[in-house]
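A.B. asks: Below are the chains, spelled out letter by letter.
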Amino acid sequence: MNKYDVIIAGGGAVGAACAYFLSRDTDLKIALVDIKKAGNASRASAGGLWAIGESVGLGCGVIFFKTLSKLHSEAQGEEIPTMRPHQLPDCFFEFALKSNAMYPELYEELRNKHSVDFKFERTGLKFIMYNREDELYADQIVSGIPHLRDQIRWLDAKQLKEEEPFVTPDAIGAIDFICDHQVNPYRLVESYTEAARQNGVELFLNTEIQQVLREGKRVVGIQTASGELRCDTLVNATGAWANSLFKQATGRDMPVYPVKGQIVLSERMPKIMNGCISTSDCYIAQKDNGEILIGSSTEEKGFDTTNSLDKIQELSRGAMKCLPILNESNIKRCWAGLRPGTPDELPILGKVPGVEGYLNACGHFRTGILTSAITGKLITELVTEQPTSIDLTPFSVARFFDEPA
Amino acid sequence: MEKSNPVVIVGGGPSGTAAAALLGKYRIPSIIIDEAPKIGGVIYRGPLRKTATLPHLDDNLQRAMSALRRRYENYKSFIELKLQTRVLGPEGKQSLLLNEGGGLTTQKYDELILATGCHERSIPFPGWQLPGVMLLGGVQLQIKSGLVKPGTKMALVGTGPLLPLVACQLHKAGVNVIGVYEASAFNKLAKEAVALLNKPKLTLSGLSMMSYLKKHQIPFYYGYGVVNAQGDAHLERVTVAPYDQYWRADLSQAKSIEVDAIGVGYGFVARTQLAMLLGLEHTYTKVSGYIPVLSSEFESNQTKTYVVGDSTGLLGADAAICEGQIAALNIVKQRGILSATEAKKEQAKIARKHARIKRFRFGFDRFSERQSGLLELAQDDTVVCRCEQATKRQLEQAISEGVKDLTTLKMRTRIGMGDCQGKTCSSFALDLLHQAGHNKDTGVIKPRFPLDPIPFTFMEESLNEQV
Numbered sequence: 001m002n003k004y005d006v007i008i009a010g011g012g013a014v015g016a017a018c019a020y021f022l023s024r025d026t027d028l029k030i031a032l033v034d035i036k037k038a039g040n041a042s043r044a045s046a047g048g049l050w051a052i053g054e055s056v057g058l059g060c061g062v063i064f065f066k067t068l069s070k071l072h073s074e075a076q077g078e079e080i081p082t083m084r085p086h087q088l089p090d091c092f093f094e095f096a097l098k099s100n101a102m103y104p105e106l107y108e109e110l111r112n113k114h115s116v117d118f119k120f121e122r123t124g125l126k127f128i129m130y131n132r133e134d135e136l137y138a139d140q141i142v143s144g145i146p147h148l149r150d151q152i153r154w155l156d157a158k159q160l161k162e163e164e165p166f167v168t169p170d171a172i173g174a175i176d177f178i179c180d181h182q183v184n185p186y187r188l189v190e191s192y193t194e195a196a197r198q199n200g201v202e203l204f205l206n207t208e209i210q211q212v213l214r215e216g217k218r219v220v221g222i223q224t225a226s227g228e229l230r231c232d233t234l235v236n237a238t239g240a241w242a243n244s245l246f247k248q249a250t251g252r253d254m255p256v257y258p259v260k261g262q263i264v265l266s267e268r269m270p271k272i273m274n275g276c277i278s279t280s281d282c283y284i285a286q287k288d289n290g291e292i293l294i295g296s297s298t299e300e301k302g303f304d305t306t307n308s309l310d311k312i313q314e315l316s317r318g319a320m321k322c323l324p325i326l327n328e329s330n331i332k333r334c335w336a337g338l339r340p341g342t343p344d345e346l347p348i349l350g351k352v353p354g355v356e357g358y359l360n361a362c363g364h365f366r367t368g369i370l371t372s373a374i375t376g377k378l379i380t381e382l383v384t385e386q387p388t389s390i391d392l393t394p395f396s397v398a399r400f401f402d403e404p405a
Numbered sequence: 001m002e003k004s005n006p007v008v009i010v011g012g013g014p015s016g017t018a019a020a021a022l023l024g025k026y027r028i029p030s031i032i033i034d035e036a037p038k039i040g041g042v043i044y045r046g047p048l049r050k051t052a053t054l055p056h057l058d059d060n061l062q063r064a065m066s067a068l069r070r071r072y073e074n075y076k077s078f079i080e081l082k083l084q085t086r087v088l089g090p091e092g093k094q095s096l097l098l099n100e101g102g103g104l105t106t107q108k109y110d111e112l113i114l115a116t117g118c119h120e121r122s123i124p125f126p127g128w129q130l131p132g133v134m135l136l137g138g139v140q141l142q143i144k145s146g147l148v149k150p151g152t153k154m155a156l157v158g159t160g161p162l163l164p165l166v167a168c169q170l171h172k173a174g175v176n177v178i179g180v181y182e183a184s185a186f187n188k189l190a191k192e193a194v195a196l197l198n199k200p201k202l203t204l205s206g207l208s209m210m211s212y213l214k215k216h217q218i219p220f221y222y223g224y225g226v227v228n229a230q231g232d233a234h235l236e237r238v239t240v241a242p243y244d245q246y247w248r249a250d251l252s253q254a255k256s257i258e259v260d261a262i263g264v265g266y267g268f269v270a271r272t273q274l275a276m277l278l279g280l281e282h283t284y285t286k287v288s289g290y291i292p293v294l295s296s297e298f299e300s301n302q303t304k305t306y307v308v309g310d311s312t313g314l315l316g317a318d319a320a321i322c323e324g325q326i327a328a329l330n331i332v333k334q335r336g337i338l339s340a341t342e343a344k345k346e347q348a349k350i351a352r353k354h355a356r357i358k359r360f361r362f363g364f365d366r367f368s369e370r371q372s373g374l375l376e377l378a379q380d381d382t383v384v385c386r387c388e389q390a391t392k393r394q395l396e397q398a399i400s401e402g403v404k405d406l407t408t409l410k411m412r413t414r415i416g417m418g419d420c421q422g423k424t425c426s427s428f429a430l431d432l433l434h435q436a437g438h439n440k441d442t443g444v445i446k447p448r449f450p451l452d453p454i455p456f457t458f459m460e461e462s463l464n465e466q467v
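Here the protein sequences come in this chain order: A and B. Under our numbering, the letters of the first sequence match residues 1 to 405, in that order. Under our numbering, the letters of the second sequence match residues 1 to 467, in that order.
Just so you know, these hints were derived from the structure itself, not from any lab. Note that the structure is predicted; figures quoted are calculated from it, not measured. Please note that the accuracy of each hint is not assured.
Chain A residues, not near chain B, derived (Cβ > 12 Å throughout) [stated by the list, open to error]:
hint: 1; residue: 91
hint: 2; residue: 386
hint: 3; residue: 399
Using 27 Å as the maximum straight-line C-alpha spacing, the simulated DSS-like pairs for lysine-lysine come out as follows [claimed, not checked]:
hint: 4; chain 1: B; residue 1: 286; chain 2: A; residue 2: 37
hint: 5; chain 1: A; residue 1: 247; chain 2: A; residue 2: 29
hint: 6; chain 1: A; residue 1: 36; chain 2: B; residue 2: 440
hint: 7; chain 1: A; residue 1: 37; chain 2: B; residue 2: 404
hint: 8; chain 1: B; residue 1: 404; chain 2: A; residue 2: 113
hint: 9; chain 1: B; residue 1: 446; chain 2: A; residue 2: 36
hint: 10; chain 1: A; residue 1: 37; chain 2: B; residue 2: 93
hint: 11; chain 1: A; residue 1: 119; chain 2: B; residue 2: 404
hint: 12; chain 1: A; residue 1: 36; chain 2: B; residue 2: 286
hint: 13; chain 1: B; residue 1: 188; chain 2: B; residue 2: 214
hint: 14; chain 1: B; residue 1: 446; chain 2: A; residue 2: 119
hint: 15; chain 1: B; residue 1: 286; chain 2: B; residue 2: 188
hint: 16; chain 1: B; residue 1: 446; chain 2: A; residue 2: 301
hint: 17; chain 1: B; residue 1: 446; chain 2: A; residue 2: 37
hint: 18; chain 1: A; residue 1: 66; chain 2: A; residue 2: 321
hint: 19; chain 1: A; residue 1: 37; chain 2: B; residue 2: 423
hint: 20; chain 1: A; residue 1: 36; chain 2: B; residue 2: 423
hint: 21; chain 1: B; residue 1: 440; chain 2: A; residue 2: 37
hint: 22; chain 1: B; residue 1: 404; chain 2: A; residue 2: 3
hint: 23; chain 1: B; residue 1: 440; chain 2: A; residue 2: 3
hint: 24; chain 1: B; residue 1: 404; chain 2: A; residue 2: 36
hint: 25; chain 1: A; residue 1: 301; chain 2: B; residue 2: 304
hint: 26; chain 1: B; residue 1: 149; chain 2: B; residue 2: 172
hint: 27; chain 1: B; residue 1: 93; chain 2: A; residue 2: 36
Computed footprint of chain B on chain A; a stretch qualifies when at least three of its residues, placed anywhere within it, have a C-beta under 8 Å from a C-beta of chain B [stated by the list, open to error]:
hint: 28; region: 190-197
hint: 29; region: 202-215
hint: 30; region: 299-309
hint: 31; region: 312-319
hint: 32; region: 333-343
Where a beta carbon is used, it is the ideal one built from N, C-alpha and C, also for glycine.
With the rest of the complex left out, here is chain B (with noise of 0.2 Å):
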């Protein structure tokens, strides 16, 4: 046989993780590059710290968890983790600087595999920076992998399929759940009864949520969302309203609640950081915020170059799944292991799994459309850009100065600027231009190098480069 150079891929969820086994499958190397300690990314990583049972997880996400788990083991020969690992950029060609295990080295690669899936979508809203608001994957993530109860007394508000699992999941593990808000209404969710029935196995443990809610009397209200957050130090209480079709809060009808946490989930933004520093072209959408133009294989503007996972777009570890798969068989094909017959007969069976997916997802997605009124809970003096402390006022007083694009708007106020390098911000200040009308080329918060923060002393080292 001859040598075989791994590829490269960055991210163990689901989409890396199963590329890695479908690549072990033809006795192809691959690396998974994780920033974590344990692969399955932040859905299926599980508790980072030994423990027997989880009793507050329901049984779909166990077999999930073990199946990818298995997977792995299945090939792990060919598979080789870097974790506790993370990326920093590009340097030079075909390569990247990692830093691992407290210095920096570099990853040379042939076939790179982006699997960097998504980030937390952040709404600003008065008092969403106190201690207790949190956004509800974190919420999820607290009792999945720190096995730590976020609140004793917590609500939760926000739009889709992640609002009743979290639910659940809180309730199940002792937190008391005092009421869910779904901004959208509930007819609009019967609109979608179609597009839901294309996974039906999903649309039932959806409804098997909600009865266990119902049987638990935690209230789920559609239509209601949040207006604000109040409390000295710590969260203590969360005003919530009806929300019209706009989502816009009628503050008439507004109720106070006392609670000590609330997840807030208005959805997700692809994480594209690496792939745009790579200079992968990308297209906005309006659930995923930018993504990655891809060809059917999942294969970007630079050959060889894959995305697959959230990172291309949200729907969800399923879909995942299928995509590395589709661009691991692709990679197998260019290897020559597969004929192109062969490899296309396996691509469309994951193929048409995926477009049942996607069809079942975008029901979702038209349900939880954004909508205006969300950018109206921020007032004036809201700080938008929690790194370099920019106000709401700010930033609509640069547009209304005639700021069209989001490089402008960050050199007139800083947005982006800081340490997070505008995962926070950008959305909601790309929203908030859109909502000016400027609709066209509006520019992204241009990642920079290094991704994370490097310190100086690893400076004086020199580097380790690893083929």
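The shape of chain A in the complex, shown without the other chains (with noise of 0.2 Å):
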């Protein structure tokens, strides 16, 4: 029988990060065990490291906050509010910022010993204002972040046109946030499991989890479709599909369930991007081989990855507005990814209580790439029993549960 100290369930950017962390600091014996289901969000996200931009409710959620604000007016005949930025709890800032601040060292670190590259680019994020009510979100999301000022900087119109020559000369100004940078996110996924692999992982790939083993209340392990695993400790990095490990695992449920978000696509462009933008409408990226992203939709339709027209013609019209240029240009291809969501954004992580032999790494919702490393830390200092880089009180799974299991 295949006995291993630790098995990770799921190999996204989480689940491939917890096995990278795992075999470089620990001699543990480690198993990945991964099956590719339509919509994984690692493989469908925009690789975005948007550290602070995320905190304060950019990317895709200025987009979809913007869509809620309208579908409310017009529900209530009103005029459409003026927005306010989402910002998120102080816990996550310290998550996300903590996290994005390993990417430098990662990527050499990565590269030099494991010669896999994850295309990390310093890029910033711009988020780009074309009228007054613009200026007043980016007013109340610097006003909003006073510890960060360092990492803003402010663009007049000019400016903008210096740094982003293709951007509309519509657009009046823009905020940078300059510690924000993006990578190749499926590269970012293959570097963590190649050196995993080279660090000794056992990768059990395209290998469905068909039960959790339990004995009590701890877990040992996992019956799979080529045989039993067993373990002492199960890490739960399975996505949008965390709620249904977690319910064999502890015989309860948790709030984790998949939001789509959908993406699209452009041909290989000349670089006509220095950096990666926001705005209202869309957020867009132009990645390594001159693609350029355009994200993202967000809609609660369970597991359906689907493409629809209208969602697509909101992102591309969105884009089109920034950058005229893509006039010019075709969608090559257009996608869908489940996000792993959960009722307040923040990720779930760590021990679950009353359950032994078990631990959560999911519910990373919109910054699962940004927030993979440091996740990937965190497991290992909870495998080793050290105490952990930041306090996981605020991630527990416990923050949704009236009363003790």
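Please dock the two separately framed chains into a single complex, following the hints provided.
C.D. replies: Rendered as structure tokens:
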């Protein structure tokens, strides 16, 4: 029988990061078990490391917020209310910023020690303003994060034109988050996975987990199509599917559910963007091979991953408004991914009260790529019973339970 | 008469047109959507410009072309053609998004027949991307539809009955055909004599082609194939060598021949991108790649969605016509126009013909079964995926590092991420994975919406819905 110290369920960015950090920092025997499912978020991701941008509700956040406000006002028959930034709590800032700070070193480490390259690019993230409302919105963002002043630059129309000459002349300026960058998301997953493999992690790819094995309150392994795998600790990094595994491991439900995001991709273009961009209509990132990626809708439609023309039109129009040169290009590909959403938009990490041999590493919603690094580190700290780099109390699944099990 | 929704047929080749005509016979309207300016499919479309005669095309082909035309003409009051129209994918439920006349439209359907045909299997070897190196069907299309000579001095390499046919057509069109190289040995064909007798006429016409080649001193080599192609900016020379039973080239006997074009024909792959995007269940076959799982009436696992013709597996135009008719009869039955017994009787007649063609065809499939030597033609630095410039070395390295499925291979090497969505490279990549022993859950390069690029400017206009 195969016995491991740790089995990681789920080979997306989070699971692969856990495998990498555990294999780098310990001598434990580790297995990574993954099955490809339609809508895997890591493969669908844009690859933004937008630590501040996402924390203050830019990226997909602002787009969704704008849509909601509009729907709300239509329902009420009122004017569209002024948008207010949807800022996440301080614990999330710490989580996101600490993870973001790990990437420059991680990039060199993976390249030098493992010959893998996840295409880390220092881009910044610019919030483009078209009018007075956008400016007010930007003002509110900035005043909400006084401790991060040094990470923000204000650009007027002329400076923006110099830095991003292809952005529409209608833009009146931008704020730039200078520490927000980008990677190639699936290269990141592959890099973690390959480095973990080189460190001795056993990969069970294309392997469906049929059942979690328990003995009393302890999780002792998993049953897969290719046999039983036993372990001391099972890490649940199964993204939008995490509740199913959780339920088998603990007998309870946790609120992790799929939140669909549609993406539009252009053909390869010459380099027309120096940094990543968010507007209130969409975010736009030019990837390392020249394709321009436009995201993303926020839809709760279960595990459906079909594309719909209305969302593709909205995103495309938003991108064309910002970058008129897209009028000369084609949409090459669209797809949809399933973010693992939670009610408070915070991940669910760590131990579960009353259950042994099991750790959550899920609910990363929009920021699994960005926060994969810190998650890998935290899980390693938990497995080796060290103090954790950040306080995990706000991220415990217990926050959703009225009473202990 | 109550209002009757048209059956939507994607593809106006032999099977799509046959289905439409049969539906028309029972006064059921249909809409044929086809990307070309004419119906007929690549095989029977004919010239795209007006021409009085086609002296280089044989009588059989001309007869088949006019038969297809006649089937359409007889029932054209029931058939609406949407030509030069491309299906981009599904849009919502029971509706297709189309690029029609330079804008987006949708087409709703209750009953859908997919007759999307096949595309050529691309085999990478050193020099395969040189101008002048063409796939065999493409060569044939240039003479049949383009009315241009693909080259002046040509060789053909590959396997199967298309080789002698195209050689004859090229010769009649005035091309100097200096050699035809069939990968399999002659004795392997002789073993299939019984199977070939299922279609005696076709076998005879094959024999007459061989004697035509002989008469015009066009050498036909069995057990021979391509090794590489060379030239600076354009093809100048091709190296051929004897193949053993596994199609491994014997380089000690390789010879170089001067040519300005070659046709490479190692088979076809079912064109299933739309069927996959619609979510139809598929299964893998060695001859045709992935094919949809169908009932004996060619209905898929989604009710009222049918797949017919070469997109269900490669059997050729005659079988495709049968399949279109069988599927159409099922619709006629379900609409209550024919009783179950009547429909069954009609279907059985066609099914018998279909079975004969199948037995004949399977003989050739066994003769032409792709051998592992083909995978060795590509060298380490040979580009396999030309959209993303992925080389054979990159693929093999990823596989040696534990990649067992196409999706992971795509994430590692970018194969299939380009404009063609893997039509060119994925068959070869699958063969590589299979050879490495990964036969289970190897997966597919999942087709993505849209199947064809859409200009961003189309997104500014609102959609014109058609019921």
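A.B. asks: Hints first: check each against the structure and report whether it holds.
C.D. replies: Consistency of the hints with the structure:
Here residue 91 (chain A) stays apart from chain B, with its beta-carbon at least about 32 Å from theirs, past the 12 Å limit. Annotated as non-interface, residue 386 (chain A) keeps its C-beta farther than 12 Å from every C-beta of chain B; the closest such distance is 30 Å. Residue-level check passed: residue 399 (chain A) sits 34 Å from the nearest beta carbon of chain B, beyond 12 Å. For the hint pairing residue 286 (chain B) with residue 37 (chain A), the CA-to-CA distance comes to about 25 Å; that is within 27 Å, so the pair holds.
Distance hint between residue 247 (chain A) and residue 29 (chain A) is fulfilled; the C-alpha atoms sit about 25 Å from each other, no more than 27 Å. Distance hint between residue 36 (chain A) and residue 440 (chain B) is fulfilled; the C-alpha atoms sit about 14 Å from each other, no more than 27 Å. Only pairs whose Cα atoms come within 27 Å are accepted, and residue 37 (chain A) paired with residue 404 (chain B) is accepted, the gap being roughly 15 Å. Distance restraint check for residue 404 (chain B) and residue 113 (chain A): the Cα-Cα separation of roughly 24 Å lies within the 27 Å cut-off, and the hinted pair is therefore satisfied.
At most 27 Å may separate the alpha-carbon atoms for a hinted pair to count; residue 446 (chain B) and residue 36 (chain A) meet this at roughly 12 Å. Simply put, residue 37 (chain A) and residue 93 (chain B) have alpha-carbon atoms about 22 Å apart, close enough for the 27 Å limit, and the pair holds. Pair hint residue 119 (chain A) plus residue 404 (chain B) holds up; C-alpha atoms about 24 Å apart against a cutoff of 27 Å. Note on residue 36 (chain A) and residue 286 (chain B): the hinted pairing holds, with a Cα-Cα distance of about 24 Å set against a maximum of 27 Å.
Distance check on the hinted pair: residue 188 (chain B) and residue 214 (chain B) sit about 20 Å apart at the alpha-carbon level, within 27 Å; holds. A distance of roughly 24 Å separates the Cα atoms of residue 446 (chain B) and residue 119 (chain A); the hinted pair therefore holds under the 27 Å criterion. In summary, the hint linking residue 286 (chain B) to residue 188 (chain B) is supported, as the alpha carbons are separated by about 18 Å, within the 27 Å threshold. At roughly 21 Å between alpha-carbon atoms, residue 446 (chain B) and residue 301 (chain A) fall within 27 Å of each other, so this suggested pair holds.
Only pairs whose Cα atoms come within 27 Å are accepted, and residue 446 (chain B) paired with residue 37 (chain A) is accepted, the gap being roughly 11 Å. Note on residue 66 (chain A) and residue 321 (chain A): the hinted pairing holds, with a Cα-Cα distance of about 16 Å set against a maximum of 27 Å. A distance of roughly 22 Å separates the Cα atoms of residue 37 (chain A) and residue 423 (chain B); the hinted pair therefore holds under the 27 Å criterion. Straight-line distance between C-alpha atoms of residue 36 (chain A) and residue 423 (chain B) comes to about 21 Å, which keeps the hinted pair within the 27 Å bound.
Annotation: proposed proximity of residue 440 (chain B) to residue 37 (chain A) holds, straight-line Cα distance about 16 Å (limit 27 Å). Pair hint residue 404 (chain B) plus residue 3 (chain A) holds up; C-alpha atoms about 23 Å apart against a cutoff of 27 Å. Restraint check for residue 440 (chain B) and residue 3 (chain A): the C-alpha separation of about 25 Å stays at or below 27 Å, so the hint holds. With a C-alpha separation of about 12 Å, the suggested pair residue 404 (chain B) and residue 36 (chain A) falls inside the 27 Å cut-off, and the hint holds.
Pair hint residue 301 (chain A) plus residue 304 (chain B) holds up; C-alpha atoms about 25 Å apart against a cutoff of 27 Å. At roughly 11 Å between alpha-carbon atoms, residue 149 (chain B) and residue 172 (chain B) fall within 27 Å of each other, so this suggested pair holds. Distance restraint check for residue 93 (chain B) and residue 36 (chain A): the Cα-Cα separation of roughly 25 Å lies within the 27 Å cut-off, and the hinted pair is therefore satisfied. With 3 residues having a Cβ less than 8 Å from any Cβ of chain B, the region 190-197 of chain A passes the three-residue criterion, so the hint holds.
Here's how the region 202-215 of chain A fares: 3 of its residues keep a CB closer than 8 Å to some CB of chain B, so the rule of at least three is met and the hint holds. Closer than 8 Å: that is the beta-carbon criterion, and the region 299-309 of chain A has 4 residues meeting it against chain B, so the requirement of 3 holds. Requiring three or more residues with a Cβ within less than 8 Å of a Cβ of chain B, the coverage given for the region 312-319 of chain A holds, as 5 such residues are present. Residues of the region 333-343 of chain A lying with their CB closer than 8 Å to a CB of chain B number 3, which satisfies the three-residue condition for coverage.
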